[in-house]
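Protein chains in written order, with the working numbering: chain A, 1 to 691; chain G, 1 to 691.
Quick caveat, the hints were computed from the structure, so don't treat them as lab data.
One should not assume that every hint holds.
If chains are identical, the list can't say which one is meant, so a pair holds when it fits in one copy or spans any two.
Below, simulated SDA-like cross-link-like pairs (lysine to any residue); rule was C-alpha separation at most 20 angstroms, straight line [what the hints assert, rightly or not]:
1) 317 to 205
2) 406 to 372
3) 317 to 281
4) 181 to 487
5) 462 to 597
6) 317 to 279
Each chain, letter by letter, is given below.
Protein chains: 2
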Amino acid sequence: MKALLRSAGALGLLLAAPFVAPAQAEEGMWTFDNFPSDEVREAYGWAPDQAWLDRVRLGSVRLEGGCSASIVGAEGLVQTNHHCVVDCVQNFSSPGENVVLTGVRAMSRAEERRCEGMAAQVLMNITDVTQRIEGATADVDAQGFTRARDAEISRIESECRGEAADKRCQVVTLYQGGQYKLYEYKRFEDVRLVFAPELNAAFFGGDPDNFNFPRYCLDVAFLRLYENDRPARTPNRLQWRSDPLRDGELVFISGNPGSTSRQLTAAQLAFQRDHFLPWRLSYLSELRGRLIAYSAQGPEQARIASDTLFGVENAFKALTGRRLALADPQGFGVVEAREANLLQSVASSADTSQTLSAAYGDIAEATQTFRGFYLAHQFAEVRLGGGSELMSWARDLVRAGDERAKPNAERLPAYTDARIGSVRQRVLAETPVEGALDEILISFWLSKMREYLTADDPLVRKVLGEESPEALAHRLVSQTRLGDPAFRAQLWEGGAAAIAASDDPLIVFIRGWDADARALRARNLQEVEGPVARAQERIAQARFQQYGQSLYPDATFTLRLSYGRIAGWTEPGGREVAPFTTISGLYERGTGADPFAITQSWLDARPRLNPNTIFNVSTTNDIIGGNSGSPLLDRGGRVVGAVFDGNIHSLGGEYFYDGRLNRSVAVASTAVEEALGTVYGMNHIVRELRR
Amino acid sequence: MKALLRSAGALGLLLAAPFVAPAQAEEGMWTFDNFPSDEVREAYGWAPDQAWLDRVRLGSVRLEGGCSASIVGAEGLVQTNHHCVVDCVQNFSSPGENVVLTGVRAMSRAEERRCEGMAAQVLMNITDVTQRIEGATADVDAQGFTRARDAEISRIESECRGEAADKRCQVVTLYQGGQYKLYEYKRFEDVRLVFAPELNAAFFGGDPDNFNFPRYCLDVAFLRLYENDRPARTPNRLQWRSDPLRDGELVFISGNPGSTSRQLTAAQLAFQRDHFLPWRLSYLSELRGRLIAYSAQGPEQARIASDTLFGVENAFKALTGRRLALADPQGFGVVEAREANLLQSVASSADTSQTLSAAYGDIAEATQTFRGFYLAHQFAEVRLGGGSELMSWARDLVRAGDERAKPNAERLPAYTDARIGSVRQRVLAETPVEGALDEILISFWLSKMREYLTADDPLVRKVLGEESPEALAHRLVSQTRLGDPAFRAQLWEGGAAAIAASDDPLIVFIRGWDADARALRARNLQEVEGPVARAQERIAQARFQQYGQSLYPDATFTLRLSYGRIAGWTEPGGREVAPFTTISGLYERGTGADPFAITQSWLDARPRLNPNTIFNVSTTNDIIGGNSGSPLLDRGGRVVGAVFDGNIHSLGGEYFYDGRLNRSVAVASTAVEEALGTVYGMNHIVRELRR
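Please model the complete structure; the sequences and the hints are all you need to start from.
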């Protein structure tokens, strides 16, 4: 791995020379108000101007479920990944009819069905609010820091939003608190499904091929934004390009990378490497095994588990790659060098040096403290219910009841006026519940909670009582009425009084120890997040002093732009990987056995398809999870693909970017267009794209 | 963790002072021909003499499945752990009758049923053969080292064994090749089951309590050795003690610790920590999940999977503890200090210094090489079939056919004349096969092989062909005839010709790529094991120069003696753990829900039991997996317990012993006696023990 300093071995020069931007060429997930146009122009002889940036921003979409997308038609047509809508497709399934396997093709507007609980956001405006936050937190100690900060954030967000129903305001913490920006979004909560291919076409190669390349996936789907029950007018749509991509051409990715950890300290990353990631990997592996064995019982069970299983396998592979990146002494060396370089660069100022060293020390200490209770915090607070939707509704209902009774600034962040709408939409969405799946998730979560905290832990005793994890999960799931949206709506409207009076077993269960979970949450804020946030802010300030805005902030699931080239790469062992695959390769790779079985639609269409059409493509752009569904754009701002993955080397991108090896993977617009027209008979969508 | 040097901070002193034994008090799994009696006498005012050691050796038993045991009656009666015989109990089960849950109580000799495939060994003699091995390997390069060594070992073992049917001879590599000793055993291959409690009594607390203490497990079982269809005469039995144990009293454990890694280098252990253990943990976790979900389908499935599931959970927890021990910077510091201390202690000799540094370098290089192919080696060779008995029979049949045609000295080690008898017994044992379990194990193994080696790997393509892991596993298991012992016997007798002619799908499967697996095996010997063994031998020689025999060798699943005290410990957080639990504690911990459900037999017997009888006990003895079933002995050499576990801290014992925290856990003879008499009505066994 290269060090993140552009000039390798520049450590000695740093004290004398002006500080270079600590990013490699093509590294970075840049905010739209700080895009390094000068550097791009220098490298490529051309760079986006403000009009280009504004246009692309307004054509970019954030899906609240954790994905990105682009507006590709004037009547609300949106392109994203299949794996970003599979949840919605799953909800259209029913016993005996697995729509995930057959796909969805709306042949007219009337056939476009709403994805319950899905919402899309377009970023309309960015304002700097750093001074307001700094003012509000200036005289607060480390322990009170997050509380004061969150209260001010909540005020800013409420003021911004006002009464507008379709407006969302979010204060985004950038550079670990070096900057705070207010992001204003237009929000669409009526999102309907236009097209989703069969799972086997979208996810050809399945888990074995995931994060690998060459690939042959039509991991694309189309949605449509609606307003007032009519397709939304979206004149800011991005244009569609039908010409094939060229090797080496300049491309951009506009999307919402979820999170990176490139500014975490060595102490924090050692904790990730040695404790957090190994624990998560063991958890995910066993859950994966349980879900696979459950799925093997029959097609109905496979249908019920498939979406969750995909998420688990995807996370397992991604976290495995991350752990390996940190376990690589060279990789971890990049992290340590980053810290050493910054410390050395401020060595001439005793004050800054001392502040910086103290900040690193505070983080190391807080991390050590966290190690003592992070498992309890994870099980009881962060991952309550282990992914069970029923359990998560139950907690949202219990907490929303409590929190709505408090003044806005004193609430938990998720329940402030500016954000509670999303919670409400999630809780009241008419999504079907698969009790069998919730029971698996809850019983597994309970059994692991007992395993990791031990049977003697007082909280475990309180949570389990005299029941086994299996019996408790069964009782909760089989007896709760929370599967009924009307019942949930009734509890939501009834607020704290209705919650207190409820004898629903899931509500009773959550109520019984929510105070303990909140105590863990408070302890974490007090002893870990507060001190860490304060120390990070100080490190960020030192970094700003040295590097200015020549840096990009860690990803925050907000809109970013990355630039790069269409390019393959050379494997460390010497093997060359070409940047393109073509449709013919799909047929060569098919074996007839899952996950390498080609769908009937593609087998039927084979004679009519152009075997040389570019299918999937790899680029040097720096992205991360959350970028799924992002448009791949050419210099004209035209959509040339939909990003759906990275190669295996890109997983270390959580911590550092290595331009020699890290690659983004997209499905090319050429393949999307050919598939829509020739395989799926959806020429009306092709016309809409090309219009 | 303490450093392994007795005087902490002695690094500087080492160059001047005589070298102290690099072991803490109570550390060590000592061979019977090098027990540190002087040190024990110094600490306790008493130590075993040669007669004591001989007597205990002849009363100690090695079970070939990987456990220890003791002879506790003059007519072949043997005590071991329940978890060492559960495989045998499982084989007595049948659809609808889960004997593991109900236990086995032979009320007369006639009811004692044979455990197929089980064999017991008693160590009769130890001879030093170091010079013969050194002579045979002196002029051989690193790559040829293991081959030359193994050929000489095979010769020695064959000469030793001669024609004796009940004799086994094994050359044991001690001190990483610093010593080679010939161990001669008397072997009993007719072993019958006398008593096994219900699983819930033996394994009360299940996986959550495993490796924890306080404990309440009757993890004990009795076997009987037979010769010529009659109980074996065993006048060398150990005496039984019915008096309760006392806190602080001196105790010994005589058993067969399986393996430790206390002399591995930092490079080897970093590989374990960062690559091997995380991979195994992910593998075991997912398999665990699959087996748990399969078991949840019904009591029959639970019966089929239970034994394998126990093994998987036990291994998962043990390896988790090991990984954490290595991930602890202090723990890994012990490893690094061990290496640094040795290097520094030889600093005055330029020659030795250079040899030692070169040896560490060779091991680091071989470990790096191993990293490039260890997964292929594991999947294709070491863990072929993922635990499927059918698959392991198939490979033994295929390889035995090939190997028996070769001269003895050229065979793979397991198939030499001295050892092939064990293979034959295993392959021909009339153990029932659970096809469903084999199918799970094989399909999981195949899917992970594809995942870790990737679908593009040539070997994976050869192994899978166009089939999915599930389809291939189903075809192999459902169509093979290897479940029939007569069919296996026929193939065994038919040898290479019968194997070549066979169209059994499992034989065809193995035959199809055994050459590839053997190539990986050869590559490993050539590039890793050979250079490592040679380098280890050199490090061992340097260590001998410095410390002499004041060291103990790493565990090798051969007979060792450890000494220690009955003692609790203080948890790092400050909590005191007492060394004893009593029968009353069992009833306090029971919840009625698995795995904390008390069996009906114990509920019924409660009024007649002495609540104050000591149940489980913790001691400071240094042991490791393989010691399961070992007798806990008092200074009189009397059996006062059966060792069945260590506490959670003992898991780091793979790499270092920490006397403050590491504890062995045993079921006390007092509880065994009371349970046999009062709970299970087996007074005839109690009389036999007390005779």
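Do the hints match the structure? See the list:
With identical chains, the CA atoms of residue 317 and residue 205 are at most 20 angstroms apart within one copy only, with a shortest distance of 14 angstroms there and 33 angstroms across copies. For the identical chains of this complex, residue 406 and residue 372 are neighbours neither inside a copy (31 angstroms) nor across copies (58 angstroms), given an alpha-carbon limit of 20 angstroms. In this assembly of identical chains, the alpha carbons of residue 317 and residue 281 lie at most 20 angstroms apart whether taken from the same copy (9 angstroms) or from different copies (14 angstroms). For the homomeric pair residue 181 and residue 487, neither the shortest alpha-carbon distance inside one copy (39 angstroms) nor that between copies (75 angstroms) is at most 20 angstroms.
With identical chains, the CA atoms of residue 462 and residue 597 are at most 20 angstroms apart between copies only, with a shortest distance of 18 angstroms across copies and 48 angstroms within one. In the homo-oligomer, the alpha carbons of residue 317 and residue 279 lie at most 20 angstroms apart both inside one protomer (14 angstroms) and across protomers (12 angstroms), since each shortest distance falls under that limit.
Going down the numbered hints, you'll see the structure goes against 2 and 4, while the others check out.
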